[in-house]
Amino acid sequence: MMIKVISLYPYRLFLLYFKVLMLVTVIGAVAAEHAFSSQHIHKHDGHHETVHHHDHHGHEHHDYYTHPKYEFEYKVEDHHTKDHKSQHESRDGDAVKGYYALHEPDGSERHVDYHSDKHSGYGTP
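full-length UniProt numbering numbers the first residue of the sequence shown as 1 and each following residue consecutively.
It is worth saying that the hints were derived from the structure and are not from the lab. Please note that a few of the clues may not be correct.
Have a look at the derived ranges for each label pair, beta carbon to beta carbon [said to hold, decoys possible]: (1) THR124 - LEU21: 50 to 58 Å; (2) MET22 - HIS88: 42 to 50 Å; (3) LYS69 - PRO125: 20 to 28 Å; (4) HIS111 - LEU15: 54 to 62 Å.
C-beta: ideal position from N, C-alpha, C; glycine also.
All chains, full assembly: derive it from the sequences and hints.
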């Protein structure tokens, strides 16, 4: 009768490599910082008005006008690239107002409020 001896060394080596791979994967997942980004957009479709134009050849052209009204915002927080910024803006007709904020490379923060309308143009308070 012949007894065959099977070495468990390859199995143990595989198990060791597998454990090391799992440990590195878990450490990488725990150490990773996730970036955060979001955005919100609200568009208000108002009453449509038909504007009629007649050219000098007697052709009629219909132009459709909707009162512009919207609101949007977004925010980015990426700890890996150090990109931190946000913006919010709303419009109702010719009046636009909003703000934006960002982190400068020197570590300072910039906040800008702005507004614009048909009469005064673009400005910051």
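Hint check, failures only | none
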